[in-house]
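The residues making up each chain are set out below.
There are 2 protein chains.
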Amino acid sequence: MALPHAQSGEVASVRPLGAQLAQATTSAILKAGQLEVMRVVLPTGKSMREHQTPGEATVQCLEGAVEFHAGDSVQLLQPGDFVHLAPRSPHALKAIKDSSLLLTICLLPG
Amino acid sequence: MALPHAQSGEVASVRPLGAQLAQATTSAILKAGQLEVMRVVLPTGKSMREHQTPGEATVQCLEGAVEFHAGDSVQLLQPGDFVHLAPRSPHALKAIKDSSLLLTICLLPG
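Chains as they are written, first to last, in my numbering: chain A, 3 to 112; chain B, 3 to 112.
What the hints contain is simulated information worked out from the structure, not anything from laboratory work. One or more hints might be untrue.
[As the list claims (entries may be wrong)] Computed from the model, here is a short list of chain A residues facing chain B with C-beta under 8 Å:
(1) Ser15
(2) Leu19
(3) Leu23
(4) Pro56
(5) Thr60
(6) Val76
(7) Leu79
(8) Ser91
No residue lacks a Cβ here, since even glycine has one placed at the ideal position from N, Cα and C.
So here's chain A without its partners, still in its complex pose (with noise of 0.2 Å):
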C-alpha cells in the first residue's frame, strides 16, 4: 500500500521499529523536489545489490547491523553510524540483523 509522505513540517518518526522490525517493509518517508527519504527494511541474509545514486545520498542505521561494501572495503553499521555517498558512487549493502536504515537521496544530479 502506497502510504502518503510527510509533507512540509509534518512530523514523521524514524524511531527504530523494534517488535514491529520483523513484520515491516521498506517505507517512503517523502519525496519532495530535492530531497527523498526512505526507510529501507533489511531483515538478516537480504542484501541491496550493488547500486547508485545520480546525485548525493546518506545512510544512516536507525537498527540493526548492516555490512556496506563499496569497492573492496566493507564496513559494518551499526545503529547511529551514518555513510555519505558521493554521487554516482557504486555500492551495496548486506543485513547482518534484522535491519532499518534511513536513506537520505539527493533528486538532483551531482
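With chain A fixed as given, assemble chain B onto it according to the hints.
Only chain B this time, still in chain A's reference frame:
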C-alpha cells in the same frame, strides 16, 4: 576547532551524545556539493531564532526535546521525530531539554 568533514564512504557517528551532551557544541558532519549535514546542539532554554534555507532541509531529533516553531504552529520534537522543510520555510527551534538534532540541508536553491 574546525573538524575535518567526513569523506564519501567514511562512517561518522550520529548517536546520541548522552553524558557528553552538556559539554558538546554544534559540529559539522559533512559539507559536500549538494548536501550539508551537521549536529546542532541546543542546551535547555536555548533557541535557534527564525531562519530559513534556500533549499530543502530535514531535521531529526537525536536526543532531548525541542519545540519546532513554523508560522503559528508549535510541535514538540523528541528522539526519532523527523521533519522536512520546503525551500525558504521560516522556522525556529527552542530546546526544552538538552538536545541534539541532525540537520541535513540541500545546498542548491529550491
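Those earlier numbered hints the structure runs against, lowest number first: 2, 3, 4, 6
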